[in-house]
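S.K.: Sequences listed follow chains A, B, C and D, in order. To convert a position in the first sequence, counted from 1, into the numbering used here, add 206. To convert a position in the second sequence, counted from 1, into the numbering used here, add 1. To convert a position in the third sequence, counted from 1, into the numbering used here, add 20. To convert a position in the fourth sequence, counted from 1, into the numbering used here, add 227.
Derived by calculation from the structure, the hints in this document are not laboratory data. Certain hints may be false.
Unchecked claim - Coverage of chain A stretches by chain B, computed from C-beta distances (three or more under 8 Å per stretch; other residues unrestricted): (1) 305-319; (2) 325-331; (3) 368-379.
From the three backbone atoms N, C-alpha and C, an ideal C-beta is built for every residue, glycine too.
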Amino acid sequence: MERRIALAVCFGFGIVMFLQYFSSLPEARRLQQAVAEYWQIVFAFALVVGIAGFVQANVKASKDSKERPYRIVSVVGFAAMPILALVWGLKAGSPFMWVFENIQVPMQSTVFALLAFFVASASYRGFRARSASATLLLVAAAIMLLSRSAVSEWLSSWLPDLADWIRNYPSMSARRAILVGIGLGSLTTSLRVILGVERTWLGGSR
Amino acid sequence: MHPLIIIAGTDQQAWLDPDRLPVLVASLVAIGVVIFATYYRRGKPFQLREIPGLEAVEEAIGRATEMARPLIFTPGWGGDIQRPTTIASLNILAQVAEKTSQYDCRLVFPTHDPVIMTVAQEVVRESYAKTGNADRYRSEDISYVSSSQFGYAAAVDGMISRLQPASVFLLGTFEAESLILAETGNSVGAIQIAGTDSTIQLSFFIVACDYTLIGEELFAASGYLSKDESILASVRAQDILKLVIVAFLLVASVWATIATLSGQGPGNSWWSF
Amino acid sequence: MPDISTIIAGVLTLAILTFLYRDNPIYKMAESLLIGVSIGYTLVIVWSNTLMAILFTPLFGDGRWLLTIPLLLGLLMFSRFTPKFSKLSKIPIGLMIGSGAGIAIPTMLEQRTLKQMSATVSPLVLESGLPDLAAIVVLAGVICTLSYFYFSRERTGALGVASKAGTWFLMLFFGTTFGYTVMSRMSTFIGRMEFLLADFLRLTQ
Amino acid sequence: MKNFQSRHLVFLGLFVLIAVVMLIGGGSEVKVSPQTQKMYDFLDSLPRGSVVMVSFDHEASSLPEIRPIAEALLRHAYSRDQKLVGVALMAEGTLIGYRLMESTAREYDKNYGEDFVFLGFKPQYVAAILSMAESIEATFPEDYFGTPVGQLPLMEGVDNYQDVAAVMSIADGSFTTHWIEYGRIRHNLTVIAGVTAAMVTTYDPYLASGQLETMIGGLRGAAEYEQLIGVPGGGGRGMPAQTASHIYVLLMIVAGNVAWWMSRRKRDA
Numbered sequence: 207m208e209r210r211i212a213l214a215v216c217f218g219f220g221i222v223m224f225l226q227y228f229s230s231l232p233e234a235r236r237l238q239q240a241v242a243e244y245w246q247i248v249f250a251f252a253l254v255v256g257i258a259g260f261v262q263a264n265v266k267a268s269k270d271s272k273e274r275p276y277r278i279v280s281v282v283g284f285a286a287m288p289i290l291a292l293v294w295g296l297k298a299g300s301p302f303m304w305v306f307e308n309i310q311v312p313m314q315s316t317v318f319a320l321l322a323f324f325v326a327s328a329s330y331r332g333f334r335a336r337s338a339s340a341t342l343l344l345v346a347a348a349i350m351l352l353s354r355s356a357v358s359e360w361l362s363s364w365l366p367d368l369a370d371w372i373r374n375y376p377s378m379s380a381r382r383a384i385l386v387g388i389g390l391g392s393l394t395t396s397l398r399v400i401l402g403v404e405r406t407w408l409g410g411s412r
Numbered sequence: 002m003h004p005l006i007i008i009a010g011t012d013q014q015a016w017l018d019p020d021r022l023p024v025l026v027a028s029l030v031a032i033g034v035v036i037f038a039t040y041y042r043r044g045k046p047f048q049l050r051e052i053p054g055l056e057a058v059e060e061a062i063g064r065a066t067e068m069a070r071p072l073i074f075t076p077g078w079g080g081d082i083q084r085p086t087t088i089a090s091l092n093i094l095a096q097v098a099e100k101t102s103q104y105d106c107r108l109v110f111p112t113h114d115p116v117i118m119t120v121a122q123e124v125v126r127e128s129y130a131k132t133g134n135a136d137r138y139r140s141e142d143i144s145y146v147s148s149s150q151f152g153y154a155a156a157v158d159g160m161i162s163r164l165q166p167a168s169v170f171l172l173g174t175f176e177a178e179s180l181i182l183a184e185t186g187n188s189v190g191a192i193q194i195a196g197t198d199s200t201i202q203l204s205f206f207i208v209a210c211d212y213t214l215i216g217e218e219l220f221a222a223s224g225y226l227s228k229d230e231s232i233l234a235s236v237r238a239q240d241i242l243k244l245v246i247v248a249f250l251l252v253a254s255v256w257a258t259i260a261t262l263s264g265q266g267p268g269n270s271w272w273s274f
Numbered sequence: 021m022p023d024i025s026t027i028i029a030g031v032l033t034l035a036i037l038t039f040l041y042r043d044n045p046i047y048k049m050a051e052s053l054l055i056g057v058s059i060g061y062t063l064v065i066v067w068s069n070t071l072m073a074i075l076f077t078p079l080f081g082d083g084r085w086l087l088t089i090p091l092l093l094g095l096l097m098f099s100r101f102t103p104k105f106s107k108l109s110k111i112p113i114g115l116m117i118g119s120g121a122g123i124a125i126p127t128m129l130e131q132r133t134l135k136q137m138s139a140t141v142s143p144l145v146l147e148s149g150l151p152d153l154a155a156i157v158v159l160a161g162v163i164c165t166l167s168y169f170y171f172s173r174e175r176t177g178a179l180g181v182a183s184k185a186g187t188w189f190l191m192l193f194f195g196t197t198f199g200y201t202v203m204s205r206m207s208t209f210i211g212r213m214e215f216l217l218a219d220f221l222r223l224t225q
Numbered sequence: 228m229k230n231f232q233s234r235h236l237v238f239l240g241l242f243v244l245i246a247v248v249m250l251i252g253g254g255s256e257v258k259v260s261p262q263t264q265k266m267y268d269f270l271d272s273l274p275r276g277s278v279v280m281v282s283f284d285h286e287a288s289s290l291p292e293i294r295p296i297a298e299a300l301l302r303h304a305y306s307r308d309q310k311l312v313g314v315a316l317m318a319e320g321t322l323i324g325y326r327l328m329e330s331t332a333r334e335y336d337k338n339y340g341e342d343f344v345f346l347g348f349k350p351q352y353v354a355a356i357l358s359m360a361e362s363i364e365a366t367f368p369e370d371y372f373g374t375p376v377g378q379l380p381l382m383e384g385v386d387n388y389q390d391v392a393a394v395m396s397i398a399d400g401s402f403t404t405h406w407i408e409y410g411r412i413r414h415n416l417t418v419i420a421g422v423t424a425a426m427v428t429t430y431d432p433y434l435a436s437g438q439l440e441t442m443i444g445g446l447r448g449a450a451e452y453e454q455l456i457g458v459p460g461g462g463g464r465g466m467p468a469q470t471a472s473h474i475y476v477l478l479m480i481v482a483g484n485v486a487w488w489m490s491r492r493k494r495d496a
């Protein structure tokens with residue numbers, strides 16, 4: 207039963223949202239905005255479900271004494287944020303924002319910065335000139351690297367031009383074709399979803 | 002009462018926005034082609050070329066089973082449930098889950114989006130039930146980790162280092178976290194199958210992963226794995242549309258060239274939308 | 021002496037960096053903290069920016085009763101807490117997926133396909149009558165790469181040649197993107213190093 | 228030490244190299260690319276008092292790269308007396324966006340409420356972008372500090388995109404695409420962007436098709452822009468380390484190939 211309702215809702219909203227795209231009526235805009243708000247609201251409730259799972263998993267895992275300290279830190283860190291926000295609010299300078307600025311952001315930026323190292327190790331490992339196409343990959347990467355650093359100016363004057371040319375023409379054409387393909391793939395997938403042919407999201411057989 | 006259609010350039014609102022007319026026509030043509038491809042050749046088998054990454058899916062699951070190590074599948078940080086790529090990824094998840102349930106191989110699915118988590122739990126549970134292994138399903142393995150991009154990356158990195166998965170599937174919409182996950186996966190010696198519609202991250206996956214599904218291949222993949230006729234028909238439709246696009250490009254380019262050669266400038270650009 | 025905020029941020033920065041050697045308790049502790057705090061952060065932001073701002077305040081404050089619909093849809097997500105009713109969560113998800121797909125069809129087609137098609141078309145000759153190399157390369161690149169994505173036939177004959185050329189264009193693109201992206205990745209690390217060296221360790225200005 | 232592998236050596240080398248280059252310090256002159264010049268010309272040609280919407284569409288983690296880009300663009304806009312309306316489409320860009328706008332405003336003696344405002348964060352970017360086309364005030368009834376938008380002098384007469392000269396999307400991901408897809412295509416809003424270097428290729432097609440007016444990318448773009456406006460900043464300061472790191476990655480590619488070639492020869496022999 208709920209499957210049928212879900213499919214009907216999916217179909218109805220799919221058709222309506224598809225059609226509203228082609229209208230310049232203010233009602234169409236309002237409809238789109240309302241639906242986007244529905245997305246946010248459903249997301250918010252789903253977040254509670256996700257967080258409940260997170261807390262549950264941590265409580266369960268903390269039965270293992272080796273795991274316990276980590277899980278406590280996780281749950282306490284999680285619980286602290288709403289409490290700080292409730293008591294002192296969330297404007298610039300509040301304790302909530304202090305935690306965000308001095309605990310969350312530095313760690314996030316550092317995880318991001320790990321990428322520099324992974325780029326280096328991937329470069330060491332992944333650019334072997336095994337074949338003609340692998341060599342092309344290697345050469346293109348090397349040209350870009352050189353052209354985008356200050357070295358390029360005293361190395362040669364044509365290198366940045368060559369790099370720009372590769373980026374603007376052959377490289378961009380491949381990206382265009384990838385985008386065209388993704389557009390088509392998205393189109394057929396979406397169409398199957400609306401028509402109810404694609405039902406994986408409901409769980410079970412299509 | 003609003004007019005059905007209005008002349009471009011006026012401010013009046015209409016049921017049909019004339020600026021959108023080309024998109025509407027193209028949508029209807031495309032939809033027509035998909036429906037044609039679905040019903041015209043129904044029942045006849047399709048011959049599709051191989052996609053190397055897909056041949057490896059079975060191998061990746063087999064390897065995890067042999068080594069008695071888990072398999073990690075994550076859809077990336079960039080997508081939400083409304084994104085067609087996420088649907089395609091979950092489609093592949095359903096196929097992978099069917100196999101892992103049969104082999105009793107642990108499947109771990111961390112995600113940044115609680116809605117995706119909800120759907121994925123349902124998808125995996127059904128796949129397990131379908132093969133008669135409902136008892137092997139563990140909902141806590143399909144988990145919401147963090148909505149923060151690098152919170153998610155740190156969490157999945159931690160999982161990869163601790164669980165030492167034999168195989169890692171990175172299929173969905175990825176952003177900068179792509180290489181963090183791929184290099185960590187590589188460092189634990191996992192076989193990695195990646196696929197994404199994020200064009201930038203493709204280059205990292207190509208360099209760091211064993212197999213990469215490029216853009217559209219990700220959408221075709223679920224059809225290959227499931228041999229599902231409707232998906233295969235979509236792939237066929239996409240191919241027909243590609244032929245149409247190539248024909249369009251050739252005709253329009255020749256047209257523009259002739260117009261330029263005859264000294265009329267690029268001519269009226271009917272090809273620009 | 022740096023202030024306490026900087027010391028905490030600095031220590032946590034170093035804790036994350038230890039992951040480069042391998043997974044270890046220090047990293048695991050920092051990771052656990054990051055996950056917890058970031059989930060808490062998301063919850064607070066969603067509470068204030070979504071639930072309060074677009075649901076509860078307009079619904080109960082301004083009496084926009086139509087918002088009971090998304091409220092009910094949202095509450096259906098809570099059916100996940102009871103196995104018996106958990107399937108009801110498929111209804112709000114059906115709405116999200118269906119409407120998302122409805123919007124995606126024209127948007128993706130326009131953005132990803134049509135715009136890229138019309139941008140590809142240009143005269144293959146210059147005003148002077150000489151062939152325009154760039155335009156020819158772009159046209160050939162798009163067509164060859166598209167033929168790489170042609171699935172319905174084995175890659176033999178003309179299709180084989182075109183798709184082979186397509187892989188070359190793809191490789192150029194991947195190499196270009198990789199090379200270009202390195203800059204960004206390094207910038208982030210340089211930014212973190214600036215924090216470590218200047219603010220935390222006070223070694224540079 | 229059994230865990231110590233070649234990749235650890237690669238990591239250590241990069242860390243030491245960057246640390247040393249940064250400890251030595253110094254800056255360098257760069258050549259200005261046409262795209263950066265176009266951005267400069269665009270902002271320079273806007274009449275004084277034009278409203279530019281600045282959208283902070285990035286996560287907090289990319290601040291190291293975003294900061295110099297945003298600062299250079301904001302400084303130019305302030306120096307041209309443009310009115311800036313800040314918004315954030317990503318929650319994490321909120322506080323950072325405000326900090327960036329506020330600190331650069333101080334350099335040019337600009338006042339909150341008159342010369343710049345910060346409306347804060349709005350979740351669900353598609354909804355936010357579409358809804359601002361109808362009414363900015365309905366989308367953001369209050370600014371970041373809870374002041375009703377109607378009470379901000381700057382916002383008088385700024386109702387929707389028709390009153391905005393351009394939106395400047397400061398992005399570390401694909402969010403500028405949403406401005407293009409929903410702002411530009413649907414409502415003819417001019418979109419300009421300051422993006423991380425990684426995102427530059429993503430936006431090339433949009434630049435070519437004209438849907439994205441102009442953009443600057445990465446630390447290098449920031450260094451170029453700093454040169455154009457004549458105000459030194461983080462872009463120029465980071466360039467030596469940037470160059471060193473590029474050479475390092477190149478060396479890694481070469482070293483990887485040499486190692487692979489040697490191991491292959493050993494195997495063949």
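S.K.: Now tell me, hint by hint, if it's right for this structure.
M.R.: Cross-check of the supplied hints:
no., hint, result
1, 305-319, "holds (count 6)"
2, 325-331, "holds (count 5)"
3, 368-379, "violated (count 0)"
The structure is inconsistent with hint 3 alone, although it conforms to all the rest.
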